[in-house]
Amino acid sequence: MDVVFLEPQSLEDAIAMAQSAGPSAKFIAGGTDLIIQARKSGTWPKTIINLQRLPGLGEIVEAAPNWHLGALVTHRQIESDARFLGSLLALRESACVIGGHQVRNVATIGGNICNASPAADMLPVLLCLNAKVTLAGVAGARVVPLCEFIEGPRKTVRAIGEVVTQVQFAAPAARSGSAFLKGGRRRAMEISIVAMAAVVSAGADGTMTDVRLAVGAAGPKAIRLPEVEKFLEGKVPSKSVLQEAGALAVSAVSPIDDVRASASFRRHLTAVYTRRAIETSWNRIVELGNDRSAA
Amino acid sequence: MTEVPLDLNVNGRRYRLSVPAHATLLDVLRDELEQTGTKTNCLEAECGVCTVVLDGKSVASCTVLAAQCNGRSVTTIEGLAEGQNLHPLQEAFVEMGAVQCGYCIPGMIMTAKAFLDENPRPTRDAVREAIAGTLCRCTGYSKIVDAIMVASQRLSQQGERP
Amino acid sequence: MNAPFRVIGKSFPRLDARGKVSGKAVYGTDFSMQGMLHGKLVTSPIASGAIVSIDVERAMAMPGVYAVVTAKDIPAKRYGSFVKDMEVFASSRVNFVGQPVAAVVARTAEEAEYAAKAVDIQYKEDAAVFTTEEAAQADAPLVHPEWETYKAVPTVKRRGNVTNEARLVLGDVEKAFKESYRVFTHRFATNVVHPGYTEPRAAIAHWEDGDQLCVWSNTQLPFEAQATLAEIFKLTPSQVRVNVTTIGGGFGGKLRLGVEHYAAAAALKAGRAVKFVSSCEEEMTSALPRQPLVIELTTGVTKDGKILAKAASILVDTGATSGSGVGVASSVMLMLAGPYKIPNLRLESRSVYTNKTPTGSFRAPAGPQGNFAVESQMDIIADALGIDPLEFRLRNIVEEGDLAPNGQKLESVSLKECLLKAADAIGWNERRPAPGRGKGIACSWWTTTSGSSGVYVKVGPDGQVFLNTGCAEIGTAALTGAAQVLAEALGVELSSIQIVSGDTASTPFDFGAQGSRTAFAVGNACLDAVGKLHQRVKEIAAKQFSVKPEEVTIEIGVAKCGDKVLTLKEVAAVAQASQGGLIAHGTFIAPPTLHDKERTENMVITAINSPSFHAHAVDLSVDDETGEVRIHDYVVAQDVGRAINPTYIEGQIEGGVVQGIGQALSEEIVYEKGVVRNPGLTDYKMPTAMDAPNIRSIIIESPSKVGPYGAKGVGEPPVITPPAAIANAIAAAVSARVQTLPITAEKIVKTLSESGLAEK
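Residue numbers (our numbering), protein chains in the order written: chain A, 1 to 295; chain B, 296 to 457; chain C, 458 to 1217.
Just so you know, the hints here were simulated from the structure itself, not pulled from any lab data.
Do not rely on the hints blindly, as some may be mistaken.
What the hints assert, rightly or not - A few chain A residues facing chain B, derived, Cβ under 10 Å:
#1 D2
#2 P8
#3 L11
#4 I36
#5 K40
#6 Q52
#7 T74
#8 C96
#9 N105
#10 K230
#11 F231
What the hints assert, rightly or not - Selected chain B positions facing chain C (Cβ under 7 Å, derived; list incomplete):
#12 C342
#13 A376
#14 Q379
#15 Q395
#16 I400
#17 R423
#18 G435
#19 Y436
Model, not experiment: these values are computed from the prediction.
Here a beta-carbon is modelled for each residue, glycine too, at the ideal position from N, C-alpha and C.
Let the hints inform the model, and build the full structure from the sequences given.
As structure tokens, then:
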């Protein structure tokens, strides 16, 4: 076992170290995925580059309407940030259901998106927020929409030597609500069998405008459901509309059978959570959004 | 074996060590420092028996590289009591019957310690949420929650004293 | 009601609590020896086949490796509880995925783990069987082709993959079914669940003087480990010394050898002490989980809800070795009659090999499986007859003096009180308080395992009392309970008692921490010791007082005659100065439970000793769209005979119920062609603090004639009834009757959609 451990103090150093170490190097932040995977497979990366000492990547910065989350922001930071309200409440809801405190205290948003697990809970929410990922490399920085950043299960567009530095998104319109729902056998410590996020905005005419819906664990990667969104826009979430939306969502997912659930149960839950995520988001506009729009 | 230097504060004592780059904090505590109060089990951050407090936050020491802890401070179960005087959490666990086999208890107490430091007067539900990452197979958790609630009261009262 | 007692009935903190909360208690995983090496198992990747070759050359050349051990290095020997079908290492064939074939010994655990991957073992794969239905067929592939050559206890009747066929028969079932108003038949199936102790199995073995084996391990049964290790290594038991470390939970999973034998074999070959600790994956693939059962249950009833007859056909899947599954196949029949008066019974049970993980004696072996079937069906029948499920039970439960299915006369029967109190506490009069919400009730009985116990009780000149027992403390605080019995009877404070336990060389024999017997049996041995000590005290005091021993009376902690008084401490000082100290050997063996042997055939467990009675009631909601279950309230009314320490009795109840909730709703080791698909705690889903409800315990004290101060066994019962109670509540909430465990959200939704009840 010969692992080289590097600890860059600056972003430039991190990039340079990764560049020279090549494909057998891995970045580590919280470490909760990397260490478990290495131990299970019995193969450790030749080089581990610790990003935790990089300055300035651990903050959540609001520059209305934009939000910038440094790549080293932990799940606990997100779930504890009372500023995430209304259309951003789903972000906290998705951050607080991953592992226990012990994991959420160290697991980072950067690590979560780079790991690109099909069942990663924050991804559907970030997709609904049209989040963008900033990557820094030798050639400078580039910004990639999250939906393009993740290519497939555990596969991203990040090139060797590139460091994810932040995730950013714009808060949706004032009269918006959001929701995150997940299915699993227990109330904690669960890898989702289906995870659903929605952000819904209300138009002046009392219908839904700008509906955003994303699902995780129901296919090789978390995805937005544009057909369902399009169908819902301009409508009010009546029982029949939601029923139809659920059915549309089911036709857009491609879940698998595994030890956690069957594909058919995942499809069933996709329909149920589509209805509930939209309905909850909508109700939250009524509960919270009115205050906000008045303000 | 590539080793890295490690300057680690454990329970107030400073250690200067050289450890394998892939050694976890748990490996170092149990094997290098021979402090076995911190327990080992699943090694995938699912059971919580290895929980310690790292710079004020609870972490699963099985999934933290020791090398990442250079210059940082760790508190383990061995660091809670002051001499013969148990910490209020330890006392409450004894009194409330929260200990059965006891193997999860070091991790449980350290999980609770970090949580109470941030949330001195939690609700029972908040306590249940806080310890959800630490499995106990013996107690069904009720008496553990009781103990943490009792400890939170006592700690708050201590804190309020001038 | 505890007024006459000083120590009994009080919730003292356990005697070993301080070490456990301070991190100082040394568990099996913590124990180490100077110069010890570490071992790692090499296991079979196939479910059935012959070992063609084992090449250790590459592994031996790897860094830090001292030895590779295989079956060739130890005596060829099969061992086992009822059938001797187990080997330390597979010698010629493997019969489950995860079966140890070799072990690597290296300087560090990590080096051993890496070298284990380099041991090259070639197999020739054979056909395998994975279900009992297949395995019990006459033409099924044999899990053990050489089964006929294995030794077995004479009681069992074996044939191919079937390791026993047992029956319990009473009256004329066919005739009774004909006379029944209705006859119901249902099939129930239960899940493979792991005991889930948080400390993996761990052991260190060291050979002293060549043929003296010394083992430190977290075994529940040091004397059984001693006997089995002696059998395996062809030693006399006295050549094996087993020391028990602090144990991080057992629940029956640490009754049989865990890794002690691998450590012993490895230490023998390496010539050094060797430590083994099970990995989480090994726990999930090759430990001793609970047997899954398939039970076909037929019950005939009268129109007014009297049970006339029950018939059952039971298949017990023991996995690749019979283990305690043979016992389960017997005791499940005592459970299947239920705690009910039934004049006609025909219960038939078979334990069967399959090419899967060998199973063991997880807390209340046979209890949850049998109870799930009986008590689920009770509700189905009650609903069909239009009788309230509680009322249906009350019409059929056993009462004082009734005969159990085996013909034993039941005493101290408190079942009615248990049922009524649990029902009252849960608010049974409102069984379906809201749409999607329902309440369930279920009841059971359980045995207090017999077996002999010995203790030495020694009083020091400082008044400290040593309780020296061969029984291990597995976490239940049962030894603190035994110490409370001792303190009560001896007239001392609990704080003056120190427990020394679990060393086969220095403690008297004890049948061990199993079967809810520890406080019961060790407590009784303590009472015997106190009788003997008091006699000695009288003799010593009499000499000091210059009177006859019978003139001396004993009061709390003192010997008296007239105005002459000697404290226990003073007597102990005299004894130490004049006759080698004040010490007594207390012993206990439960009297046999008399029953009708005509009713049982080939049963290896035939009686319910000092039975305890219990009822569980639960109030829960079911989301009919997602199938999610939320438990609002859970009540247990349990007869413990005498509550020696109420807090730890509640602890047993609360912990057992949550373990039972795991079996009911979320836990299952899932196999695909013999391969475990969820070999870790990510997907083996034990309840977290968020899943565990608050549990209310109603402790009922209906004293037994045998137990110390009337105590009955406490530890196992709480895990028996949750699956049935929860299944019944779910059926009450949303009319989904799930007959297989675990009752997952997915199964609930499927059941609802098949019955057309799910909201579309």
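message: Min Cβ distance, B/Q379 to chain C: is it shorter than 7 Å?
response: Nearest chain C Cβ about 10 Å off; hint violated.
- request: Go through the hint on A/F231 and say holds or violated, using the shortest Cβ distance to chain B against 10 Å.
  value: violated, 36 Å
message: Tell me if the interface restraint on A/N105 is satisfied: Cβ within less than 10 Å of some Cβ in chain B.
response: Result: holds, 4 Å to nearest chain B Cβ.
Interface hint compliance - B/Y436 to chain C, C-beta minimum distance less than 7 Å: holds, 4 Å
message: Given A/D2 as an interface hint, is its Cβ closer than 10 Å to any Cβ of chain B?
response: holds, 5 Å
message: A closest beta-carbon separation below 10 Å is what the hint needs, so does A/Q52 meet it against chain B?
response: Result: holds, 6 Å to nearest chain B Cβ.
task: Verify the interface restraint on A/T74: the C-beta must sit less than 10 Å from at least one C-beta of chain B.
output: holds, 9 Å
- request: Hold the hint about A/I36 up to the distance rule: shortest CB distance to chain B must be less than 10 Å.
  value: At 5 Å from the nearest chain B Cβ, A/I36 passes the 10 Å test, so the hint holds.
- prompt: Close enough to count: is the Cβ of B/I400 nearer than 7 Å to one in chain C?
  reply: Interface hint status for B/I400: holds (6 Å vs cutoff 7 Å).
task: Identify whether the interface hint at A/L11 stands, where standing means a beta carbon of chain B within less than 10 Å of its own.
output: Since the shortest Cβ distance to chain B is 18 Å, the answer is violated.
- prompt: When the nearest CB of chain B is found for A/K40, is that gap smaller than 10 Å?
  reply: Holds, about 8 Å.
query: Under the criterion of a CB-CB separation shorter than 7 Å, is B/C342 in contact with chain C as hinted?
result: Hint on B/C342: holds, closest Cβ of chain C at ~6 Å, below 7 Å.
The structure does not agree with the numbered hints 2, 3, 10, 11, 14 stated previously, though it agrees with the rest.
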